[in-house]
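Asker: Listed below, chain by chain, are the residues.
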Amino acid sequence: MNGRPGLDVSQLPAYAIGPRGLLWWGTLGMVAIEGTMFAIFIVAYFYLRSSAIEWPPNLPPPDLWYGTLNTLILLASTLPNQWVLKAAERQDSRAVRLGLLLCLVFGLAFSTLRAFEFPALNCSWDSNAYGSAVWTLLGFHTLHLVTDVLDTAVLTIVMFTRRIEGRRFSDVSENSVYWYFVVGAWIPVYSVIYLAPRLI
Amino acid sequence: MFATDVPQLGQSFFTAASMMIAIPSGVQIFCWIATLWGGKPRLQVPLLFVLGFFFIFVLGGLTGVMLAAVPFNLQVHDTFFVVAHFHYVLIGGAVFPLLGALYYWVPKMTGRMLSARLGHWNFWLFFIGFNLTFFPMHQLGLRGMPRRVYTYPLQMGWGPLNLLASLGAGIIALSVLVFLANVLWSWRHGLIAGDNPWQAGTLECATSSPPAGYNFLYLPTVSGREPLWEEGVNQPVVIGLRHDIPEVLVTRVLDAVPDHRTKMPDASIWPFITAVAITGLFIGSIFTPWAVPIGAGPVAVGLLGWLWPTQRDHQQQLILEERP
Numbered sequence: 002m003n004g005r006p007g008l009d010v011s012q013l014p015a016y017a018i019g020p021r022g023l024l025w026w027g028t029l030g031m032v033a034i035e036g037t038m039f040a041i042f043i044v045a046y047f048y049l050r051s052s053a054i055e056w057p058p059n060l061p062p063p064d065l066w067y068g069t070l071n072t073l074i075l076l077a078s079t080l081p082n083q084w085v086l087k088a089a090e091r092q093d094s095r096a097v098r099l100g101l102l103l104c105l106v107f108g109l110a111f112s113t114l115r116a117f118e119f120p121a122l123n124c125s126w127d128s129n130a131y132g133s134a135v136w137t138l139l140g141f142h143t144l145h146l147v148t149d150v151l152d153t154a155v156l157t158i159v160m161f162t163r164r165i166e167g168r169r170f171s172d173v174s175e176n177s178v179y180w181y182f183v184v185g186a187w188i189p190v191y192s193v194i195y196l197a198p199r200l201i
Numbered sequence: 002m003f004a005t006d007v008p009q010l011g012q013s014f015f016t017a018a019s020m021m022i023a024i025p026s027g028v029q030i031f032c033w034i035a036t037l038w039g040g041k042p043r044l045q046v047p048l049l050f051v052l053g054f055f056f057i058f059v060l061g062g063l064t065g066v067m068l069a070a071v072p073f074n075l076q077v078h079d080t081f082f083v084v085a086h087f088h089y090v091l092i093g094g095a096v097f098p099l100l101g102a103l104y105y106w107v108p109k110m111t112g113r114m115l116s117a118r119l120g121h122w123n124f125w126l127f128f129i130g131f132n133l134t135f136f137p138m139h140q141l142g143l144r145g146m147p148r149r150v151y152t153y154p155l156q157m158g159w160g161p162l163n164l165l166a167s168l169g170a171g172i173i174a175l176s177v178l179v180f181l182a183n184v185l186w187s188w189r190h191g192l193i194a195g196d197n198p199w200q201a202g203t204l205e206c207a208t209s210s211p212p213a214g215y216n217f218l219y220l221p222t223v224s225g226r227e228p229l230w231e232e233g234v235n236q237p238v239v240i241g242l243r244h245d246i247p248e249v250l251v252t253r254v255l256d257a258v259p260d261h262r263t264k265m266p267d268a269s270i271w272p273f274i275t276a277v278a279i280t281g282l283f284i285g286s287i288f289t290p291w292a293v294p295i296g297a298g299p300v301a302v303g304l305l306g307w308l309w310p311t312q313r314d315h316q317q318q319l320i321l322e323e324r325p
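Those protein sequence lines, which keep their order, are chains A and B. Residue numbering for the first sequence is 2 to 201, as defined by the numbering used here. Residue numbering for the second sequence is 2 to 325, as defined by the numbering used here.
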C-alpha cells in the first residue's frame, strides 16, 4: 500500500448524536442484555410460584403505597426526560442544563423512595425462595436506577463547570435513552412485585 | 428434555422448537453450496476440512431432527445415540472448520505456510478416525447402551462396536499429533507465505504476514467486497485523521458511507480499579451480605473515576471539534 490519498475525512464532524454515533449502539446493546436479565428474573419468579402451594409463602404481599407512589414519580419523570432529549438533539446548552437538573431531582426523589420500598416487601432476601425472587428483581432495578442517577449527576456537573464539548450532547441524549429503559423496565417489574400476588 | 416431567404442552413446544432448528441450518447449508457453486473452489487443505465439515455436520443435523420427535427421543434418551449426535454436530460444526481456518490463517499469523502433505494426512486421519469413533455409537445407542458408563456386562454384546470406536479415537489422537507436528515444523521450515498466500480478495491479505502491530499504516478504502481483486494492493487510503490524538472514522451502519470521526478513550487505570472493586464485592458477598452495600462504595468510586473526563481528554476533544 503506497499511501495514495483517496478520501479526506478531516472535514467530518467530531461527534454524532443518536443512531449515527457509537454510544447509541452501545446503549442499545446494554438495554438488550439487561432487558433479557429482567425477563429471566421475572420467569424465575413465576417458575418458583408454579411449584409453590401458597404465594407469597406464609407472608403478606408487599405494601402497595411506596411502590405505587414511586411509579407515578417515574412516569412523571418521562416529561423532563423527553424535554432534555430534544434539547440535546438541538444542542441547546441552556435547556440541557436546566433539563438535566430536573431529571436529577426526579431521579433522586425516586431513589430516596426506593429505600422505603425494600422494607415494604415484608420479607427478607433469605426468608425463602419468594424473598430471593422479589429482592433480586427490585435490587436489579435499583442497580440500574442508581447507575443512571450517578451518570446524570456527573453529566450535570460537567455541563455546568466545563466548556461544553459537542459530544456531551450525545452523552446527554444516550443518558435519556437509558432512563427510558429504567422506566420501561419498571412497569413489568412493578406489576410482578406488587400486583401479581394480589391479582393473579 | 422429554424424560423430565415437562407437561404435554411443553413437550410439543420443545419438539416444534427443536425441529425448527433445521430451517436456518438448511438455509445455511444451501448458502455454503451456493458460495462454492459461484466461486472457483481450489481443493486444498482448508477446503478439504470445510467439505468434511459439511458432511459430518449434515449427518449430525439429521439425527437432530430425529431427536426432536418425542417417542424417538424417549427411546434413545441418555444413550450413546445422543453422544453420537452431538459429536457429529460439535466436532463437525466446530472442530473441522476450526482446523480448516487454522490451515488458512496460520500463514498470515506466522508468515509461513503449513505443509500441505501433512495437512492431507491430518485431514484424512481425522475424518476416518472421527467416523470410526462416532458412527458406531448411533448403533450402540439404538441397542440400548447408556451414556456416562465406564463399563458394561460382556453379555450385552456391545464389545465389537466399542472396540471400533476406541480404534477410531486412537486415529484421531494420531491426527492431532500430525497437526501439532505440522505447526511446529512449519514455524521454522515452512514455505514463505507472502502477503497473500491464497490469492484472496479480502483486506487482511493486503498487509504483511505476520501483520505489524498497527495493522495498516493508513486506513485503506474499499469499494466492494473483494478489494484486492477489484483494485489490487494499492487501493487509495483515508487521510485526515490525526496521529497525535486517538481518533477513528465512523461510517453509517448499512451503506458504510463515512459519517463522522470519534475520539477513542485514553489509557486509564480506572477500569482496572473498578474490576478489582467488583471482584472484592462478589468474593466478600460469599461471607457476608454486608459486602454488597459496603463494597458498592469502592465500585462507585471506580465508576466515577472512569466517567470523569480528564483535562487532557477535554482539551483534545475541543481541538477535534474546532477543526471542521
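Derived from the structure by calculation, the hints contain no laboratory data. Built from N, CA and C at the ideal position, the CB exists for glycine as well. Don't take every hint at face value.
[Unchecked claim] Stretches of chain B that chain A covers, calculated by requiring three or more beta carbons in the stretch to come under 8 Å of a beta carbon on chain A:
#1 234–242
#2 302–314
[Claimed, not checked] Partial selection, computed: residues in chain B whose CB lies under 10 Å from chain A:
#3 V66
#4 M67
#5 T152
#6 L155
#7 L162
#8 N163
#9 P221
#10 D245
#11 V251
#12 R262
#13 T263
#14 D267
#15 P290
#16 E322
[Unchecked claim] Listed below are several chain A residues computed to face chain B (Cβ distance under 7 Å; list not exhaustive):
#17 R5
#18 P6
#19 G19
#20 R21
#21 E90
#22 V155
#23 I165
#24 E166
Asker: Does each hint hold? Answer for all of them.
Answerer: For each hint, the structure was consulted:
For the stretch 234–242 of chain B, the proposed coverage by chain A is satisfied: 9 residues have a C-beta within less than 8 Å of a C-beta in that chain, meeting the threshold of three. Only residues whose C-beta sits within less than 8 Å of a C-beta in chain A count toward coverage, and the stretch 302–314 of chain B has 5 of them, enough to reach three; the restraint holds. Against a cut-off of 10 Å between C-beta atoms, the interface hint on V66(B) is violated, since the closest Cβ of chain A lies about 28 Å away. For M67(B), the interface hint is violated, the least distance from its beta-carbon to any beta-carbon of chain A being 29 Å, above 10 Å.
For T152(B), the interface hint is violated, the least distance from its beta-carbon to any beta-carbon of chain A being 37 Å, above 10 Å. Evaluation of the L155(B) hint against chain A yields a violated restraint, the C-beta minimum of about 44 Å exceeding 10 Å. Restraint check, L162(B) versus chain A: the minimum CB separation of about 41 Å is more than 10 Å; hint violated. Because the smallest distance between the Cβ of N163(B) and any Cβ of chain A comes to about 40 Å, over 10 Å, the interface hint for this residue is violated.
The beta carbon of P221(B) comes within 6 Å of a beta carbon in chain A, closer than 10 Å, and the hint placing it at the interface holds. The criterion of a C-beta within 10 Å of any C-beta in chain A is not met by D245(B), whose closest approach is roughly 14 Å, and the hint is violated. The beta carbon of V251(B) is positioned within 10 Å of a beta carbon in chain A (closest approach about 6 Å), and the interface hint is therefore held. The criterion of a C-beta within 10 Å of any C-beta in chain A is met by R262(B), whose closest approach is roughly 5 Å, and the hint holds.
Using the Cβ-Cβ criterion of 10 Å, the hint placing T263(B) at the interface with chain A is satisfied: the shortest such distance is roughly 6 Å. Given the 10 Å rule on beta carbons, the hint for D267(B) is violated: about 14 Å separates it from the nearest Cβ of chain A. Here the hint on P290(B) is kept, as its CB sits about 8 Å from the closest CB of chain A, short of 10 Å. Against a cut-off of 10 Å between C-beta atoms, the interface hint on E322(B) holds, since the closest Cβ of chain A lies about 5 Å away.
Proximity of R5(A) to chain B holds as hinted, the smallest CB-CB distance being about 5 Å (cut-off 7 Å). Here the hint on P6(A) is kept, as its CB sits about 5 Å from the closest CB of chain B, short of 7 Å. A hinted interface residue such as G19(A) counts as satisfied when its beta carbon comes closer than 7 Å to some beta carbon of chain B; here the least separation is about 11 Å, so the hint is violated. For R21(A), the shortest C-beta to C-beta distance to chain B is roughly 6 Å, which falls under 7 Å, so the interface hint holds.
Hint status for E90(A) relative to chain B: violated, with the closest Cβ pair at about 15 Å, above 7 Å. Hint on V155(A) holds. Least Cβ distance to chain B is approximately 5 Å, under the 7 Å limit. Below 7 Å, beta-carbon pairs count as interface contacts, and I165(A) has none with chain B, the closest being about 10 Å; its hint is therefore violated. The interface hint given for E166(A) holds, since its Cβ lies 5 Å from the closest Cβ of chain B, which is under the 7 Å cut-off.
In terms of the numbered hints stated before, the structure departs from hints 3, 4, 5, 6, 7, 8, 10, 14, 19, 21, 23, listed from lowest to highest.
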